[in-house]
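Asker: Chain by chain, the residues run as shown.
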Amino acid sequence: MNPIRKAKKQEGNEESRRSRHHRRFLVSWIPNFLLIFSCILVFPINSSFAAESVVIGSKRFTESYVLGEIAKRTLTDAGIPAEHRQGMGGTIILWEALKGGQIDAYPEYTGTIATEILKGDPGMSLDQIRQALEKLGVGTTTPLGFNNTYALVMRRSEAQRLGIRTITDLQRHPELKFGLTHEFLERQDGWRSLRERYALPQQNVVGIDHALGYGALANGSIAVKDAYSTDAKIEQNDLFVLEDDLHFFPKYEAVFLFRSSASADAVAALHRLEGTLDETRMIRLNAEAERTKNYASAADLYFNEGAASRPQTSGHSGRSHFGESFPSKLTRWTLRHLQLAGFSLLLSIIVGIPLGIIASRGGAVGHVILGFAGVVQTVPSLALLALLVPLPFFGISVRTAIAALFLYGLLPIVRGTATGLQDIPRALRESAVALGLSPLARLWKIYLPMASRSILSGIKTSAVINIGTATLAALIGAGGLGEPIISGLSLNDHVTILEGAIPAAVLALLVQWCFDLLDRVLIPKGLRL
Amino acid sequence: MSALVKLEEVTKRYGDAIALYPTNLSVESGKTTVLIGPSGCGKSTLLRLIIRLIEPDSGSIQLDGKPVTRDNIDALRRRIGYVIQEGGLFPHLTARANVLLMARHIGKSEEETHHRLLELSELTRFSENLLLRYPAELSGGQRQRVSLMRALMLSPELLLLDEPLGALDPLVRASLQKDLKEIFTRLGQTVLFVTHDLGEAIYFADEIVLINEGRIVQKGTITDLRERPAHSFVSEFINAQRGVAIV
Chain D
1 MNPIRKAKKQ EGNEESRRSR HHRRFLVSWI PNFLLIFSCI LVFPINSSFA
51 AESVVIGSKR FTESYVLGEI AKRTLTDAGI PAEHRQGMGG TIILWEALKG
101 GQIDAYPEYT GTIATEILKG DPGMSLDQIR QALEKLGVGT TTPLGFNNTY
151 ALVMRRSEAQ RLGIRTITDL QRHPELKFGL THEFLERQDG WRSLRERYAL
201 PQQNVVGIDH ALGYGALANG SIAVKDAYST DAKIEQNDLF VLEDDLHFFP
251 KYEAVFLFRS SASADAVAAL HRLEGTLDET RMIRLNAEAE RTKNYASAAD
301 LYFNEGAASR PQTSGHSGRS HFGESFPSKL TRWTLRHLQL AGFSLLLSII
351 VGIPLGIIAS RGGAVGHVIL GFAGVVQTVP SLALLALLVP LPFFGISVRT
401 AIAALFLYGL LPIVRGTATG LQDIPRALRE SAVALGLSPL ARLWKIYLPM
451 ASRSILSGIK TSAVINIGTA TLAALIGAGG LGEPIISGLS LNDHVTILEG
501 AIPAAVLALL VQWCFDLLDR VLIPKGLRL
Chain L
530 MSALVKLEEV TKRYGDAIAL YPTNLSVESG KTTVLIGPSG CGKSTLLRLI
580 IRLIEPDSGS IQLDGKPVTR DNIDALRRRI GYVIQEGGLF PHLTARANVL
630 LMARHIGKSE EETHHRLLEL SELTRFSENL LLRYPAELSG GQRQRVSLMR
680 ALMLSPELLL LDEPLGALDP LVRASLQKDL KEIFTRLGQT VLFVTHDLGE
730 AIYFADEIVL INEGRIVQKG TITDLRERPA HSFVSEFINA QRGVAIV
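Residue numbers (my numbering), protein chains in the order written: chain D, 1 to 529; chain L, 530 to 776.
Everything labelled a hint here was simulated from the structure, so no lab data went into it. Glycine is no exception: its CB is placed at the ideal position from the N, C-alpha and C atoms. Treat the hints loosely; a few may be bogus.
One side only, chain D facing chain L, incomplete, derived with CB under 7 Å [to be verified]: (1) 378; (2) 428; (3) 435.
Isolated chain L (complex conformation) (with noise of 0.2 Å):
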């Protein structure tokens, strides 16, 4: 089992407060691992550093075995999906415009691209009758299915979802959660996901990764978690979800 993605040493502090200690973490090929934590803890800022929106201030961060730089980072971030809570679809295109963005932008075949769009609304079951819709004219439930086809649009080795369901009812949740752990598994994709649902995080996690204010607290199933916290935190949080956490 190889390293897909590589920290080491990363740092980040936004004026004095430091938002991420020195920092390691490994996320293994064709797994999802789990990043989980209160608000604030760092989740996400560990996530914006691997696709770069923030640089680390010390530390390397190496995809694949290779460094991520200034330099590699736009080649890099085409290997890289990134779905965010809002979908962070863009308002002026339609759904089907979202998903082709970037494809187009290379230079891909229409017909190549075409293809890979109906295999990826089959996947993401979002019906192809919507691909002409404009992002306000689709539910909250719709458009995450449309940002997960754009993520995937160029077959990402690595996929980042930062609290995707977040935004989302229950019902709605519930069943895209079931359809999103079906697709990690047909395509075996690298996936780090970011959530502060402890539910969703046994849900969906081959490796939890417990953070809180800045610093990895322990790592592991979430049976090691439960039975063998490394830090009291560790019970703590998991008890203060117990009603969601008993599956």
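Next comes chain D alone, as it looks inside the complex (with noise of 0.2 Å):
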């Protein structure tokens, strides 16, 4: 062999090398995938979870917080591990997940209980909802001490102008603007019924979460919102309760549901806590939780003041997550919300890369799949979320949260796909068959590689969409940089709201910057020129 030919033939030793190292890249990027991340998964999903522990579930305002927090200590001073859920959602959540078995116990109302859950006559003695409840599996404490009732507050000045005392006086004002929360406008005793009974004229009325419409309330965007009895919000911002002049709230006492299924300790610890808080010390609690931003310390408060019988403790157990620095606080969100984004993703690419190959081939299937995706697309995530909700297998869980993510992922992969491979020119599919390769040798060395850029496009933007809708899994107890978003907005505190809104975003901008990396790394040279 002559010198030259002894030259090239070196250089196609190292072209065959590079191009078989190129080709197994290509065959192995599905599962560096997977790889990566399972690396992320390790962190196990239900580590927080244990089996053994009674898991208390809260709703999303901060009376519940409070009495959570209140139950969990009260459960672990007596021996017992106990979980606290915070913030779960609204009535049906907790409900449903109450009767699902997520949940063990949370603090519910009576008047709730008779009208929301019971679908029954908010005037039913506590006797007459302990025995409806007992059929459904679920036992209640007699009440804590106070009636948290709903209440229509306005601001005292503008009230003293108008001259307005009793929610009858709202009759002479059609021209007020209501702010009311979701849940009042839409629950039996809420809004209609009692628009119904006052005759209320009032046209403008607007939905919005409790905490902000305590801000709309202050600078002036509504005039009368709902609240509750013992809010603290209504001596610090200085409101006026409008009188209930023909007693249309029921009495919403707080007791604590449980299921009739928990333990016999776990039940009579959640028994010691009745008649214990009135309605004034409730007031205090609530307004220490929104002074500190820390429920924890509210349910200190409860403990050290405490009733007599009740031995002092040490207090760290409540603390364990409030008394976590910033820093640890950040990375337990953002592994959990990596992991939801990144399970959910997988499954996304899983799925939607086969789903969008076949829909690359046009025809009935393709249009069914396409349009399948489109259409879970245009639901809003959180109404996805509520949907799967009620199903069995999901509930308040994570599960629901990464179905959720899943689903929302698969649309901008199985169309990133399916455009990829439409796009291939059509003398290029023809020379790929008149070569003589198999199907399934066109399609994993010629055409998905040629697709590359669109599928991966297609990832991307499903990545990006998953770390901002994964805020959302807080609300269904799922964790993540949702959870210091949630309750910032639950507590109104902008600065809780940012430690999660911040490092959200950075991650998106993360995300999208390492595909674009990976871009350079799974896109074929020859596709990139």
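Each chain sits in its own coordinate frame; assemble them with the hints.
Answerer: In structure tokens form, the structure reads like this:
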């Protein structure tokens, strides 16, 4: 062999090594994704929900958080391991979670139980309620001691200026704008019945988050809002509670609901809370929670002021999460966030690419696939979560959050894959066929690499959407960076909101950037010229 | 002289439009047969039927005495080389990887394929230094040379060329024509060549097949077509291209 030939032969070998490497890379790019994500997922999803501990749920407002913390402390002080899943959502979500066994107990109000849960008469007696709940496998404590009924509130100055003292007085002021919580707008004993009973003429009624509503009231965007009678904000914002002169609102006495199957010890511990909290005390605890932005410290107040019968405790048990430093909290939120977004993205990729391949062939099946993925995308993310919650297997869990995110992530990947494949020129498809490559080899060696840019861009879109949407997972107790955002919303605390919002935005940018780098590795060089 | 490819009563229609009326054709082994005719006359359809990119509506196609069916087509395709106007090179693969694609797929040894690759680059006058380039880094003429190498890689019995020089500028085209003809002669290759250019047809053809509106109008040498036209269309077609037809 002459020297030139030899040199060329070496060059050829070098190329064949490169090419083999390249092929190996293509063949392994999906397994690589699996690897990257499984690294993130090693952090086990259900680590914080150890099976044997009693799980307390709470609704998404201050008082419920505080009661949840108090219950958790009471249980742990009695030597029963307990978890508190904060701010999981509204009545229906908590009730479904209780029935479904995702939580063992949560604080509820008698009026809500009678009308919303049992669909009965708001005047039901506690005995009637207890009997009805028993049939459903749920027990209740007797009232904790305070009545947190609904009330309508206005700025004190404006109420005085307009001479409004009672709800009946509102009839004379049809121009007033109402800002009501979504739950109050929808519930049976809420706005519709109230309007009918008092013949209220106001047309300008908007739905607004409870905590944000106080801000809206303070700056005059709304004139009237619904509130809870033990709400610390009433004092803080100098609001005036309109008298319920027709006695419309039923009693909303706080109780704990628990699963009948819960351990006798746990039930006994919850019963010890009965009659220990009057309204003044509850308002003080609520005010403490909002002042310190710390539910555990408000719960501490309950125990330290505590009934003499209750032993003083060291107070460490309720602090596990709240005593945590910010970097450690941020790490915990971010890891969970990445798990949620990463695992759902992985599922979207595994399911989306094959669906995209099928869809690229057009025909009825292709239309159905693209249509379905498109329809899922148009369902608001919050509604999708809410739709999944009542289904068996899902409920209030990380599973539900991942399933919703997975469905959301499908469309960009399916569409990216289908478009990428359809955009391959006919001449090249035919060349692959004419060479005699088998259908699978054509797909794997020719079509998918040629569509890689479009597929990756679909995956990138999906990843960024998932990072954003995963903040909603906190609404159903799945954690992540949405946790501070939602706590911040219910505390009306901008700093806390930003603690979640900024890292989520940074994460989305980082993910985008990582995918841009990944493009250079995964898109064959020949397509980038 | 035996027929390598034989079409019997083959027809093809697209919806209402008839692309090919019942057609019979034999392609002789070791010869270059040129299919010529105006755009849309059915000449490319004939080629695409042979390599089964489209299914015939009726009739049979035989390769080397064996009927071509859906089941044996992938094996038969490996015995046929196919080059199209735009080259059909895969943009994500280097020239080398394009050429070696099938050989690797069917598990030929690296040594054997490498040897064949060097042979082909010499045959097609394609510089080995360019083998590591991607199609986007090659000129139109270079791409067609790579495409030809890819088609010849597995030493096919039949080479199908669908206007392979149609997109090239005249100088490159002339030099490729010369090289192609040399290659066919050297390999004793059976070639079915589609063009709409009479000059090119005359240059390559052992036999010319003139097609119009889905039918074979006449088959023979250029002398047959000139001096014994089977139809007035034959003379019209030849006269229309007289400027280039004078050889």
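Asker: Hint compliance check: list the failing hint numbers for this structure, sorted ascending.
Answerer: 1
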